[in-house]
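There are 2 protein chains.
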Amino acid sequence: METIHQEFQVAYRYPVYFTEGVFESSNPVLVSTICADDDAENSGPHKLLCVLDEGVCQSRPELPQQVEAYCRAHPDLTLVRPPMMVPGGESVKNSSDYVELVQEAISEFGLCRHSYIVVAGGGALLDMVGYAAATAHRGVRLIRLPTTVLAQNDSGVGVKNSINAFGKKNFLGTFVPPHAVINDFDFLHSLSDRDWRSGMAEAVKVALIKDAAFFEFLEQHAKALANREPAPMRKLIHRCAELHLKHIGTAGDPFEKGSSRPLDFGHWSAHKLEQITQFRLRHGEAVAIGIALDTTYSRLTGMLPEADWRRTLDLLEALGFALYVPELDGPLSRCDPDSLLHGLTEFREHLGGRMTVMLLAAIGRGVETHYLEDEIIRNCIAELASAATAAGRRAV
Amino acid sequence: METIHQEFQVAYRYPVYFTEGVFESSNPVLVSTICADDDAENSGPHKLLCVLDEGVCQSRPELPQQVEAYCRAHPDLTLVRPPMMVPGGESVKNSSDYVELVQEAISEFGLCRHSYIVVAGGGALLDMVGYAAATAHRGVRLIRLPTTVLAQNDSGVGVKNSINAFGKKNFLGTFVPPHAVINDFDFLHSLSDRDWRSGMAEAVKVALIKDAAFFEFLEQHAKALANREPAPMRKLIHRCAELHLKHIGTAGDPFEKGSSRPLDFGHWSAHKLEQITQFRLRHGEAVAIGIALDTTYSRLTGMLPEADWRRTLDLLEALGFALYVPELDGPLSRCDPDSLLHGLTEFREHLGGRMTVMLLAAIGRGVETHYLEDEIIRNCIAELASAATAAGRRAV
Numbered sequence: 077m078e079t080i081h082q083e084f085q086v087a088y089r090y091p092v093y094f095t096e097g098v099f100e101s102s103n104p105v106l107v108s109t110i111c112a113d114d115d116a117e118n119s120g121p122h123k124l125l126c127v128l129d130e131g132v133c134q135s136r137p138e139l140p141q142q143v144e145a146y147c148r149a150h151p152d153l154t155l156v157r158p159p160m161m162v163p164g165g166e167s168v169k170n171s172s173d174y175v176e177l178v179q180e181a182i183s184e185f186g187l188c189r190h191s192y193i194v195v196a197g198g199g200a201l202l203d204m205v206g207y208a209a210a211t212a213h214r215g216v217r218l219i220r221l222p223t224t225v226l227a228q229n230d231s232g233v234g235v236k237n238s239i240n241a242f243g244k245k246n247f248l249g250t251f252v253p254p255h256a257v258i259n260d261f262d263f264l265h266s267l268s269d270r271d272w273r274s275g276m277a278e279a280v281k282v283a284l285i286k287d288a289a290f291f292e293f294l295e296q297h298a299k300a301l302a303n304r305e306p307a308p309m310r311k312l313i314h315r316c317a318e319l320h321l322k323h324i325g326t327a328g329d330p331f332e333k334g335s336s337r338p339l340d341f342g343h344w345s346a347h348k349l350e351q352i353t354q355f356r357l358r359h360g361e362a363v364a365i366g367i368a369l370d371t372t373y374s375r376l377t378g379m380l381p382e383a384d385w386r387r388t389l390d391l392l393e394a395l396g397f398a399l400y401v402p403e404l405d406g407p408l409s410r411c412d413p414d415s416l417l418h419g420l421t422e423f424r425e426h427l428g429g430r431m432t433v434m435l436l437a438a439i440g441r442g443v444e445t446h447y448l449e450d451e452i453i454r455n456c457i458a459e460l461a462s463a464a465t466a467a468g469r470r471a472v
Numbered sequence: 077m078e079t080i081h082q083e084f085q086v087a088y089r090y091p092v093y094f095t096e097g098v099f100e101s102s103n104p105v106l107v108s109t110i111c112a113d114d115d116a117e118n119s120g121p122h123k124l125l126c127v128l129d130e131g132v133c134q135s136r137p138e139l140p141q142q143v144e145a146y147c148r149a150h151p152d153l154t155l156v157r158p159p160m161m162v163p164g165g166e167s168v169k170n171s172s173d174y175v176e177l178v179q180e181a182i183s184e185f186g187l188c189r190h191s192y193i194v195v196a197g198g199g200a201l202l203d204m205v206g207y208a209a210a211t212a213h214r215g216v217r218l219i220r221l222p223t224t225v226l227a228q229n230d231s232g233v234g235v236k237n238s239i240n241a242f243g244k245k246n247f248l249g250t251f252v253p254p255h256a257v258i259n260d261f262d263f264l265h266s267l268s269d270r271d272w273r274s275g276m277a278e279a280v281k282v283a284l285i286k287d288a289a290f291f292e293f294l295e296q297h298a299k300a301l302a303n304r305e306p307a308p309m310r311k312l313i314h315r316c317a318e319l320h321l322k323h324i325g326t327a328g329d330p331f332e333k334g335s336s337r338p339l340d341f342g343h344w345s346a347h348k349l350e351q352i353t354q355f356r357l358r359h360g361e362a363v364a365i366g367i368a369l370d371t372t373y374s375r376l377t378g379m380l381p382e383a384d385w386r387r388t389l390d391l392l393e394a395l396g397f398a399l400y401v402p403e404l405d406g407p408l409s410r411c412d413p414d415s416l417l418h419g420l421t422e423f424r425e426h427l428g429g430r431m432t433v434m435l436l437a438a439i440g441r442g443v444e445t446h447y448l449e450d451e452i453i454r455n456c457i458a459e460l461a462s463a464a465t466a467a468g469r470r471a472v
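Chains A and B are the protein sequences, given in the same order. Counting in the working numbering, the first sequence runs from 77 upward without gaps. Counting in the working numbering, the second sequence runs from 77 upward without gaps.
To be clear, the hints were calculated from the coordinates, so they are not data collected in a lab. Just so you know, these numbers come straight off a predicted model, no measurement behind them. Careful: at least some of the hints might be erroneous.
Since the list gives no way to pick out one identical chain from another, each pair is judged satisfied if it fits inside one copy or across any two copies.
Derived SDA-like pairs (lysine to any residue); straight-line CA-CA distance at most 25 Å [unchecked claim]:
#	residue 1	residue 2
1	K311	M161
2	K123	L417
3	K333	Y93
4	K245	G215
5	K333	A116
6	K245	M161
7	K123	A466
8	K244	H265
9	K236	Q85
10	K123	P151
11	K311	A463
12	K286	K322
13	K123	D412
14	K311	A145
15	K322	E382
16	K244	G396
17	K245	N455
18	K245	T445
19	K123	T445
20	K236	V86
21	K333	D152
22	K244	R148
23	K245	S171
24	K244	R387
25	K244	S183
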C-alpha cells in the first residue's frame, strides 16, 4: 500500500519586551500581552499562575504583594493563587520535584492551554518552570520575566527548557517557544556583582562569533559595564538578545535537529566545568573560561590572529572574569567522566549527530570544526594557567 | 528600548509506511528509514533502543529474537541492548515510572538526538515511549510500529504523546511528530476480536466528519470488517490514517493552539466514559458510544437528518459496537467529577480556550458548536438506553 508522506509547517511568533517596573499597575506590558488576542468570542478574565524566585523575593520582599495588586488592578487577569515561591539556582533543576509542584498547581487550579504561567527568576528557574508549562496539557502559555543578565540576554529569550537528570545537565526538556518574554531592567539592580558580571560572558560569545562591532562596543564600555553602569548594560542585553534571537530565527535550525550549534561556542568545556567545580562556578563564569579556552585553541592552530586572541582575553579580564580554575588541571581523558575532556563526549551525545565545535577565524567570525586535539587542549590549559599566575589572578 | 519580534517556522516531515513482516531480515523498510539521510559525513552505525509491548510478545514470543536478528543482519544498526519489554495498555501511562525507565536507558546507553527509539505496541505504549523520547535530550528520534487497529489508523500516526497525571488522562505530554511510522499489518492477526473492532470507531468518526464516500465503504464492508477479513481492514486503516494525517497537515493548527478540534468528535464523553468505567471500556468502544451520543444530539437539535442518524447507529452496530453502558445513567452535573457531563468541563480545560464540540450536519460533514444543553444530552442517553433495551444489547 502506498506510503503516506506527512508534511507541514508550524509558525512561531513571540515578542521580547524591554521595560521597567513590570508589576507597577500603570505598566501595560504584561496585561496587554495577555489580552492581545482577545475578541468578542475569546476574552478574559485569563487565568494566571505566577511563580517567583525566592532569591529575587529576598531582595524585593514586596514582589509577591505587587503581583497580587497588579492582578487586582486588571480585572482581565485572574491570579489563581498567591505567587508560588520556588528557590532559584541550579538545584531547582536537579530533580523533578519542583516540576511536579508546578504541574500539580496547573491541574489543581484548572489552567488550560490558553491560560498563562508567569515566571520571574534566573535562568535555572525559567528552565524548570518552562519544562512544567511545556508538558502540562501538552503546553500552557509561558511568559518569562528573566531577572538576571544571563537570562535576559540569552537563555530566557530562547526556545528551550530543561531540568537535569541522571547526573546530566539539561538531560530532560523540550523545544517550546515562550508566549512572550518581558525583560524588566529593574530586576538587575539587586543582582550581586558576580551575577551582574556572569551574564556578560554570553554577550562576548555572540559578539565573537557574529558581530565585530558589538565586540568593539563591549571593549569601549568594559570598565563602565564592570562598574555596573546601567546604560551600556541595557545596550549589551538588547544587542545580545537580538543576536541570539536572530540566530534562532534565521539560521534554519531553531529546534537543533542538525549537528551545528554556533551559539554553543565555548560551551563544551563550560558545561563540564560547572559540573566538576560542583557548580561553584556560575554558568557565565564557566562560559568565560570556555571562551578563553576555545579562543586559545583557535590561535594555537593558526586559525585566529594573535591580536584577536589578545583582545578577547583582555576583554574578558576587563569585564572581571577570571580565566583559570584549578579543576582545569585535572585528568584529561575523553572517557573519564570526571575529566574536562569528557565534556566533548557529553556535548556530542547531548546535541547528537556529528561532533561539531565552534572556533574563531576572527573577531566576529566563527567557524565550525569536527576535530579537537587533546594535546592542543592541554596546551591551551597551560597557557591559561601561566597567564593567571603571571597576573596573580585565579577564579573563585 | 525597542521590542524584538521573534518569528520563525519549523518544517516537519515524516513518512507512514504500510508493510508486513517488518522484522524479517529481507524487509528493507526499517533499515532504509534509519539510514535515509546517511552521507559521507554522517553515517551509521546508528544506535537503536527497542521497546516492545509485553502483550504483543505473548502472542508473538519470537519477536524479541527477531528484532535482535534484524539488527545483526544490518550492520548499520546497533541495538544498544536486548529489546525492553514493557506492559501495554493504559496502566503504563498511569505513573511516570515507565517513562523514567526508558529515559534511563537512553542515558545509560548514550543515545543522542540522532539515535533511534523503535517502539512496537498499542497506542498507550506508543504514547508513553513517545513522551520519554520527546523529552530526553529534548528529543530523540522515534519510530513507531503501532500494533493495533486503533494505533495504526489514528493515534500512532499523529503528532502527540502523553501520560496520565493527577487523575487526568493525557495530562502530561508534548506535540512532537515521529521520525517515521511503520504500519505492519501482521501485528493485527493476533489482536483479540475486541481490539480488532475497537479501532474501527475512529474510522467511523473521521468518515462522519470528513468523507461520505469512506462512510459508504464502511457500510458496504461492515460485515467483512466484523468478520476480520484483511483486505477491507487494510483499506480502512490506510484511508483513516490518510484522513487523520491530512487534517493535521492541512487544517492549519497541527499543534492545537486554537480551540477547534474536529478529530475529537465523540471524544468529550468517550474520555470520561473510559474513566468512569474504570477503563473496562476500550478507547474505541467508548468512542463508538461517544459518536452515537453526539450523532443523536445532532439529530435531536434538528441539525442532522434522521436517515443519517439511523445509518450511523446501524453502522456502529453492524461493526459490533454496543452503544449503551449503565454508567451513562449516572448523575449528570458538569461540576461532579464522577459525572459524564464533567467530561465537557475536562475536555475544555485540557484543550483550552473556548468550549468547542463537533456535531454533524450530514454524513461526511461536521460542524462545530460552542454550547451543548444538559437536558438534550439526557434525552440522548435515554434514546441509547431504550434502543439497547429494544435490541437486547448492552456493552461490556
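Status of the hints after comparison with the structure:
no., hint, verdict
1, K311 / M161, "neither (31 Å within a copy, 55 Å between copies)"
2, K123 / L417, "between (47 Å within a copy, 23 Å between copies)"
3, K333 / Y93, "between (28 Å within a copy, 22 Å between copies)"
4, K245 / G215, "both (22 Å within a copy, 15 Å between copies)"
5, K333 / A116, "between (40 Å within a copy, 18 Å between copies)"
6, K245 / M161, "within (23 Å within a copy, 28 Å between copies)"
7, K123 / A466, "neither (58 Å within a copy, 47 Å between copies)"
8, K244 / H265, "neither (32 Å within a copy, 43 Å between copies)"
9, K236 / Q85, "both (19 Å within a copy, 16 Å between copies)"
10, K123 / P151, "within (11 Å within a copy, 54 Å between copies)"
11, K311 / A463, "neither (31 Å within a copy, 72 Å between copies)"
12, K286 / K322, "within (11 Å within a copy, 41 Å between copies)"
13, K123 / D412, "between (49 Å within a copy, 21 Å between copies)"
14, K311 / A145, "neither (31 Å within a copy, 60 Å between copies)"
15, K322 / E382, "neither (29 Å within a copy, 57 Å between copies)"
16, K244 / G396, "neither (29 Å within a copy, 51 Å between copies)"
17, K245 / N455, "neither (27 Å within a copy, 56 Å between copies)"
18, K245 / T445, "within (23 Å within a copy, 46 Å between copies)"
19, K123 / T445, "between (48 Å within a copy, 23 Å between copies)"
20, K236 / V86, "both (16 Å within a copy, 14 Å between copies)"
21, K333 / D152, "between (39 Å within a copy, 21 Å between copies)"
22, K244 / R148, "neither (42 Å within a copy, 31 Å between copies)"
23, K245 / S171, "both (11 Å within a copy, 24 Å between copies)"
24, K244 / R387, "neither (34 Å within a copy, 57 Å between copies)"
25, K244 / S183, "between (28 Å within a copy, 8 Å between copies)"
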